[in-house]
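J.: Single-letter residue listing:
Number of protein chains: 2
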Amino acid sequence: MATETGLNVAVVGATGAVGQQMLRTLEQRNFPISKLTLLSSKRSAGKKLTYKGEEIVIQEATPDSFEGVQLALFSAGGSISKALAPEAVKRGAIVVDNTSAYRMDPEVPLVVPEVNEEELRNHKGIIANPNCSTIQMVVALEPIRKKYGMKKVIVSTYQAVSGAGANAIKEMEEQTSAILDGKEFTPEILPCGSDEKHYQIAFNAIPQIDKFQDNGFTFEEMKMINETKKIMNMPELQVAATCVRIPVETGHSESLFIEVENSGLTVSEMKSMLSEAPGVVLEDDPENQIYPMAVNCVNKNDVFVGRIRQDLDNEKGFHLWVVSDNLLKGAAWNSVQISESLVKLGLLK
Amino acid sequence: MATETGLNVAVVGATGAVGQQMLRTLEQRNFPISKLTLLSSKRSAGKKLTYKGEEIVIQEATPDSFEGVQLALFSAGGSISKALAPEAVKRGAIVVDNTSAYRMDPEVPLVVPEVNEEELRNHKGIIANPNCSTIQMVVALEPIRKKYGMKKVIVSTYQAVSGAGANAIKEMEEQTSAILDGKEFTPEILPCGSDEKHYQIAFNAIPQIDKFQDNGFTFEEMKMINETKKIMNMPELQVAATCVRIPVETGHSESLFIEVENSGLTVSEMKSMLSEAPGVVLEDDPENQIYPMAVNCVNKNDVFVGRIRQDLDNEKGFHLWVVSDNLLKGAAWNSVQISESLVKLGLLK
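Sequence lines, in order, name chains C and Y. For the first sequence, counting from 1, position 159 maps to 236 in the working numbering; every step adds exactly one. For the second sequence, counting from 1, position 219 maps to 296 in the working numbering; every step adds exactly one.
One thing to keep in mind: the hints can contain errors.
What the hints assert, rightly or not - In the DMTMM-like style, the derived pairs of lysine to aspartate or glutamate whose C-alpha atoms are separated by at most 20 angstroms in a straight line are:
1) K229/Y / E336/C
2) K426/C / E195/C
3) K228/C / D388/Y
4) K247/C / D258/Y
5) K260/C / E184/Y
6) K288/Y / E360/C
7) K229/Y / D388/C
8) K229/Y / E336/Y
9) K224/C / E195/C
10) K223/Y / E251/Y
11) K229/C / E219/C
12) K228/C / E392/Y
13) K306/Y / E184/Y
It is worth saying that the hints were derived from the structure and are not from the lab.
The following block holds chain C by itself, in its conformation from the complex (with noise of 0.2 angstroms):
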């Protein structure tokens, strides 16, 4: 659709809540697009959508549907991307992958543009989005590695509903209902869609995101602590994440213990070093109570980092408090960013 020097491109798993958003971001962004292809599984296959309005029948995806395709944005879950992203690749596409099936793959760039640009150059066809929570992290910290180095990272989240999907924002929304009525509900959803269990979400906190591993972290743990090591192309930083969904709809929030390298950081030279980083927004102002929040950060595209203190014990340590939309930056947004870097690097023509 749209203009007619463009490229050919593909969003698989369009009818998401997450690929709703790629939608709105390609449009927003005016990406340069000639054909537009919708794919989703068979069930959502038939369903219309809209893009810079025009409507678009979603179609199945199978192996042919990547034919010509020179951009294909995943978003439909990890088996999808594994059966379907080396088909994507076989005719010809560069994949942009949002689920963690390729992440730790070593041939596989795991990209957040204001970290990593560079390693797009090393993509074998694939290259991966990492995980939302992950994202919003080392946008913060990169501006502090890069001039001080980084040691040690512990950061607990206080992640929105949404990252579980559309019917994880409505199972919340009945729930709460449910509650402020006095009425029954059955849990069915989260913590995690795939796990034995199900418990409420509406008015508590559920220290489980995604299966726990035989280290008793969770497989988001594991993921915050691997991408972040991989996207900082540190494997010896030491990492330590406990994973939280709370009653929120839109917006991760995460509260960080970091320990630089280098002595003589101060506060103040956080915060000028953060106001200029690329991707970031400072909103630190305790005086007139300004920090980022949740609710504030929903449909933009920045990582807004505040409460930045001096460990009270450790000179070289700091707390942060990180926040960002878990859509957005940390899923649709980092997307069509690293689409627009394959573009602005020539990697994509």
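Since chain C is already given, all that's left is putting chain Y on it; use the hints.
T.: Same frame as chain C, but now just chain Y:
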């Protein structure tokens, strides 16, 4: 009221969220009371509350209210405690104060019975009940410290709205309904009634509890830091806190990173120590998705601990998830427990 042999007890702030839990707890514990006086501000005087089936008319608290009182439980705000606790002591009462007014006074024991019950012997009339978020943390830390020492604690909290009082709960419920119904609302209480700006708590996370101090930490965060050192009698302990309000009615959750002094601690030994520790309930079975959650701790006196993991980079580092009813162990139950300890130690008779 009630028993023939028993104590002359006054509860100050009986109509508040904590005061009402105080009455229920005294009742449930069958605390030895011969006379019970309920006191409040002028505004609530004349209202009635029920204790063991008997209606008691609430009186305005004045210095003379404490004539003959042996035990006075204060929970009506710092300024009331500042004004009236010394008056109660002057008249022979022992005061258990649930506000922050006297907590850091070196003359005043700050007591969590599981940790430092013996400190009660040093009281000079006033005993302070610690901050809710501090209490549940030190109950979980103490059994570990006893055997392995404690070097560093980094905590991020997920605090319930009831900690800000009954009006804050009402505000959260009204905001939540308004959002679900697509209606307008104006935040008026949270994050902190005494501060200037007020923010939406429904479907949000607010990284401010109490007012900001000059060092960028909030007063709530400094309470956790300073009170923990005092209760554990470890001025050298490294403590850092980030305190966050989330849309939960009752039940504070805490994500803890701790570093112990001595080598050799394993996850299974920590689980075994905590499963036998006073006041602690271990809920830690990831395979069966068993971990503490706010909604499950309500109306229970215990501190629930789970998600115990060894840090992946530091063999002396551990992560824990600690949940407790902030109105009970965090306030009313700890105050009543202190009162029981006073009786047990022969300090109140």
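J.: All hints, please: hold or fail.
T.: Hints and how they fare:
A threshold of 20 angstroms between alpha carbons decides the hint, and for K229/Y with E336/C the separation of about 14 angstroms falls inside it, so the pair holds. At roughly 17 angstroms between alpha-carbon atoms, K426/C and E195/C fall within 20 angstroms of each other, so this suggested pair holds. Pair hint K228/C plus D388/Y holds up; C-alpha atoms about 14 angstroms apart against a cutoff of 20 angstroms. Between the alpha carbons of K247/C and D258/Y the distance comes to roughly 14 angstroms, so the proposed pair stays at or under 20 angstroms and holds.
For a cut-off of 20 angstroms, the pair hint linking K260/C to E184/Y is broken: about 50 angstroms separates their Cα positions. For the suggested pair K288/Y and E360/C, the alpha carbons sit about 17 angstroms apart, so the restraint of at most 20 angstroms is met. A hinted pair counts as satisfied when its Cα atoms are at most 20 angstroms apart, and K229/Y with D388/C qualifies at roughly 12 angstroms. The hinted pair formed by K229/Y and E336/Y meets the criterion: a straight-line CA distance of about 5 angstroms does not exceed 20 angstroms.
For a cut-off of 20 angstroms, the pair hint linking K224/C to E195/C stands: about 19 angstroms separates their Cα positions. For the proposed pair K223/Y and E251/Y, the alpha carbon gap of about 45 angstroms is over 20 angstroms, so the pair is violated. Taking the CA atoms of K229/C and E219/C, the gap is about 13 angstroms. The hint holds against a cut of 20 angstroms. This hinted pair checks out: K228/C and E392/Y have alpha carbons roughly 16 angstroms apart, not beyond 20 angstroms.
A C-alpha spacing of about 15 angstroms is found between K306/Y and E184/Y, which places the hinted pair at or below 20 angstroms, so the restraint holds.
Against the hints set out earlier in the document, violations occur for numbers 5, 10.
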